[in-house]
Amino acid sequence: DAGITQSPRHKVTETGTPVTLRCHQTENHRYMYWYRQDPGHGLRLIHYSYGVKDTDKGEVSDGYSVSRSKTEDFLLTLESATSSQTSVYFCAISDPAGGQETQYFGPGTRLLVL
Amino acid sequence: EDQVTQSPEALRLQEGESSSLNCSYTVSGLRGLFWYRQDPGKGPEFLFTLYSAGEEKEKERLKATLTKKESFLHITAPKPEDSATYLCAVQATGNNRLAFGKGNQVVVIP
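Line by line, the protein sequences are chains C and Z.
Here our numbering is used: the first residue of the first sequence is 193, the next is one more, and so on.
Here our numbering is used: the first residue of the second sequence is 1201, the next is one more, and so on.
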């Protein structure tokens, strides 16, 4: 199994509060991604990172920000959580330059915004 | 815009009853097509990558095939432990992003 952990695994929060989700990898992969998964939708890309301090937006980035200060950690922040951000969030990693095109996923964080 | 459509959305099979899942895609240029398996409450687990039309890959009771417009995941003589949601995704040339379909939910009944 790819060495990817996500924390917390479950979180309940209230509308308007800030929330930060963490993804940690032990594979030294260059690329890291944040997805959300909702019923009736496929996995949708929120943001991704292609190196330390290098990030870019995905298809559903509004209301989210990310940071990557170390290779192994990629943080997703909801500045002011809304009920529409209730979802399951998955982190993924890949290393195309290292011959690893495949994205490997973490176990997910289930977030409920009340 | 890259698009992936998976059918059927849900499938119930008797143990031993072989079937196929379809993934139709449109992409500007295909870099790779990926199949994942996802169990309830868990993250997607990688199964296969296919790169060019005519390519086939197998793993136990699963076989993935690829044409220029679609991919099939064939499940031969399924067992209850093959029950899962199977996800298809495409990656376009020059892009590290994946576009996912909504998945095929498979239930295998003993």
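Keep in mind the hints are simulated off the structure, nothing from the lab.
By construction, the Cβ of each residue, glycine as well, lies at the ideal position given by its N, Cα and C atoms.
A few of these clues could be false.
[Stated by the list, open to error] Under the rule of at most 20 Å between Cα atoms (straight-line distance), these lysine to any residue pairs were calculated in the SDA-like manner:
no., chain 1, residue 1, chain 2, residue 2
1, Z, K1242, C, D230
2, Z, K1302, Z, N1222
3, Z, K1242, C, D254
4, Z, K1257, C, E293
5, Z, K1302, C, H202
6, Z, K1242, C, L304
7, Z, K1242, C, S272
[Said to hold, decoys possible] One-sided and incomplete, this derived list gives chain Z residues near chain C with beta-carbon spacing under 8 Å:
no., residue
8, V1204
9, P1208
10, Q1305
Hints breached by this structure: Violated hints (numbers, rising): 3, 5, 7, 9 and 10; every other hint is consistent with the structure.
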